[in-house]
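Residue numbers (this note's numbering), protein chains in the order written: chain E, 1 to 545; chain W, 1001 to 1325.
The set of hints was computed from the structure by calculation and includes no laboratory data. C-beta atoms are modelled at their ideal positions from N, C-alpha and C, and glycine is treated no differently. Accuracy of the hints is not assured; some may be wrong.
Unchecked claim - If you want the footprint, here are the derived chain E segments under chain W, 3+ residues with CB under 8 Å: (1) 229-235; (2) 249-260; (3) 342-354; (4) 370-377; (5) 454-462.
Claimed, not checked - Selected chain W positions facing chain E (in silico; Cβ < 7 Å): (6) Pro1048; (7) Tyr1051; (8) Pro1054; (9) Trp1057; (10) Ser1136; (11) Val1139; (12) Leu1157; (13) Pro1160; (14) Ile1164; (15) Ile1167; (16) Gly1170; (17) Ala1222; (18) Val1223.
Said to hold, decoys possible - Heads up, simulated DSS-like pairs for lysine-lysine below, C-alpha to C-alpha not over 30 Å straight-line: (19) Lys1182/W with Lys385/E; (20) Lys1225/W with Lys1295/W; (21) Lys137/E with Lys1295/W; (22) Lys1276/W with Lys1295/W; (23) Lys398/E with Lys318/E; (24) Lys174/E with Lys155/E; (25) Lys1225/W with Lys385/E; (26) Lys1188/W with Lys385/E; (27) Lys1225/W with Lys1182/W.
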Amino acid sequence: MTNSSLIRRAADADVCLLLEGTFPYVRGGVSSWVNEMIRAYPATRFAIVFIGSSADDYTGAAYTLPDNVVHFEAHYLYGAVQADTSSAREIAGDAAAFAKSAELHQALREVRNGVDAGALMAELIPMLGAQGELNEKQFMTSRRAWDFIVEQYEKYCTDPSFTDYFWTVRIMHKPLWQLARVAEDLIPARVYHTVSTGYAGFLGALLHYRTGRPLIVSEHGIYTKERKIDLLQSRWIRDNRGAFERDISRVSYFRELWVRFFEAIGKLAYDAADEIVALYEGNRLRQIADGAPAARTQNIPNGIDVESFSVLLKHRQKRAPRVVALVGRVVPIKDIKTFIRAIFIASRSMPDIEGWIVGPEEENPAYALECRALAENLGLSANFKFLGFQRVDEVLPKIDLIALTSISEALPLAVLEGFASGIPAVTTDVGSCRQLIEGFSDEDRALGSAGAVVQIANPAAFAQALLSLLGDETRWYAAQRTGLERVRRYYAKEHMIEPYRIIYERLSAAPDRRARGAAARCPVHHGQGTSGDSVTRTDPSLEAQ
Amino acid sequence: MAVAVIAQILAGLSIVRPVAVLDGFTVFAGLQLLAAFAQAWLIQRMLPARYREPRFWVWLFLWVFCTLIPVIGGLIVLIACLWEKYFPARRDSELLASVSRPEFVTYLMSHVSHGSGARLQARLANTQVPTVDRLSALVAIQTMPTRTTGTLLRELLADPIEDIRLIAYGALDQAENEIMQKIYQAIKALELCDNDTERHELNRRLAELHFELVYQNLVQGAVYKHTLEQADRYAHAALAASFSAQDAALWLIRVRVALANAQPELAARYMEQAQKLGFPSERLLPWLAEVAFLKRDYSRVSELLGSLGSAALLPTLKPAVEYWL
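Between the sequences and the hints, there should be enough to build the whole structure, so can you do that?
Have a look at this one:
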């Protein structure tokens, strides 16, 4: 921990948030959401467990912890300590424990076929502790662990390198014991709430099975999907197959192994969860496809404080619209370069058009430099501004159109805040953007269009959409009205806060799962939702009414 | 450690003050073996990690060494190993590494279905194919040149499956980034450059890199036109240096830019210049045919392509030539 303001310690908490790579260190949509959520329940005592890759990546807090955060701890999965610096002696390994582990691995192999690995995981959790039969030492140095790795390699691996296989398996599994130690030492909480699957989700599953307390999984983006895309594109994963060993239509084994690893730990989090929350219907369906039990899923869309933004509407000056702004971090996922190219193309037809980037550049300085160089290379110095991080209430009244060129999004707050301030938006067709611009339910659609939606990475189409909105005053005002009405009706903050309040209250009051009759022997969910009243809500418009 | 020191002192004393009732050498040898045993155990733990294995043999070696060279034997080994660790010798042989002989892993053959690469593009274009198979096909084509996959990847940006869209985007973005990075570096170097030769090289490189963006289908619309302008601008700047007017290859870049801009007359002029500077006429024939095509002089296209020797034909050019003959 590098910031003294983050030192908070308590003996227990009401809700323990499990956050991977977000609040309070990194700015962005998820962090803003977490910040809003904590502040929305001042009487609830929150604990936060932050999980990051290495401490060097998170040098200072971007957010101040609210007063009701009573406990904070940060853990880094890939610290400076190298594996195997000290020599170790072989130990035999516990036969029964490794047989159980083999059973779990077999079940996880069949995750894609909907096999429930939760029950097995629940049995294995106590064994992962420092004194357990499957502790880290057993994994690192036991003969049985070695034999199991060799057996799995011979049975399944389609890559000829055993060395790469061995180290991939070792590196892949190592963080799991660290998380098991975090779970052992963590203060008790009434409810555990993870804001992604992945490592934070796995920690949530560990905590759920250890303590018997309920787990909520809320996802903005879909972690497993994002990891999968990263892994399928990455260049660090080796493929050692020779010309005759390679079936080029098949993904390399290690790539597939990593993808399956994240799918498996994602599935474990879903199996353990009492409530699985998506921001919109597309993501809820994706969660189900990834193995989330449909009965425990629901949509709770992002919401914003509409009234505080509506005030900004009064500060708008009546003028011909010409300022287009992309409000967001300068990172590759926002595809800033497409925005720059779109402004370049649009400037050919509308020479006084202005493109602004409103957002911090610190997260990926190399990418920020590339963007600046691209703008310069296109000769856009007169039409383009990089404004850095700005107070939204100061900058929004000067903007005429919100641009969002992201290649992946969930439910972007920047668009909602723009709507509430009377600014239409042009977005790419990602996440719930189409739903935000065109509406979701019939009633919502009847409100009309709040801008335009275009294909990703298509600067010409994006420029065309910008020009048609900026050049048609009637259409711009109609889009403004639609945006204002849509955000007021469906995406106000209370529509987000109230459902979570109900969930927190219900789950906090629920007895420990192991204390429940038959469930005392089995901490795993059977059939329907835990309390029997979990409702699948598929339509955010219904949520809002 | 105490055992090692005490045993060694006793062994030394047994020589200086032999015990009357026992044979002096037997006593010394026994105590020395014991002292060496303890020293070997101690020194092995003090050695750098890579000298500790194989555990038993290292220990045995140390025991024998410490027995045969009392007191300083173990220290010599320890100091030598530490010296090697902290002051390693630089040997030329260390620049070379031996690798094991490649081994053909026969069991993998059962997993391989050959020839499936030919169906990759069809699998990708067909949205009825299971997503997992399409993703595998998409990952596989990432290794192919963007020049050949660019159009397909661009079409996939509108695919109904988000994973496909994102990976297609990633492939295009990566290809473009690689070139753009080189462009930024060359521009920076050009800003700092202070001699004509280097300036000529950098301008030439920038012209080539900008044209590469066009050639690989990585830019569209107005950005495409702008990139062509940039390529021509840098080629022109490179030719401005007095010594570089003789650079025929630079004139060819201008030919290609003019053709991409659908300016056949300009391209023909540049081609003449390239020819004058000794650019091989045979290699210019496809471009001359393109000029003729753009001028709608189709009989000339046929004539020029006919004069291409069949041995010089690239596989990609062959179908076009066959069509015109």
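Hint by hint, here is what the structure shows:
1. 229-235: holds (count 3)
2. 249-260: holds (count 4)
3. 342-354: Result for this restraint: holds, n = 3.
4. 370-377: holds (count 4)
5. 454-462: With 6 residues close enough to chain W, the hint holds.
6. Pro1048: Constraint on Pro1048/W not satisfied, violated at 12 Å.
7. Tyr1051: Hint violated; Tyr1051/W Cβ to chain E Cβ min 12 Å, cut 7 Å.
8. Pro1054: Pro1054/W check fails; min Cβ-Cβ to chain E is 12 Å, beyond 7 Å.
9. Trp1057: Given a least distance of 15 Å, the restraint on Trp1057/W is violated.
10. Ser1136: holds, 5 Å
11. Val1139: holds, 5 Å
12. Leu1157: holds, 5 Å
13. Pro1160: violated, 10 Å
14. Ile1164: Interface hint status for Ile1164/W: violated (10 Å vs cutoff 7 Å).
15. Ile1167: holds, 6 Å
16. Gly1170: holds, 4 Å
17. Ala1222: holds, 4 Å
18. Val1223: The hint holds - Val1223/W has a Cβ within 7 Å of chain E, the shortest such distance being about 5 Å.
19. Lys1182/W with Lys385/E: holds, 24 Å
20. Lys1225/W with Lys1295/W: holds, 21 Å
21. Lys137/E with Lys1295/W: violated, 77 Å
22. Lys1276/W with Lys1295/W: Holds, at roughly 22 Å.
23. Lys398/E with Lys318/E: The hint holds at about 10 Å.
24. Lys174/E with Lys155/E: OK: Lys174/E and Lys155/E at ~22 Å, within 30 Å.
25. Lys1225/W with Lys385/E: holds, 23 Å
26. Lys1188/W with Lys385/E: holds, 21 Å
27. Lys1225/W with Lys1182/W: holds, 20 Å
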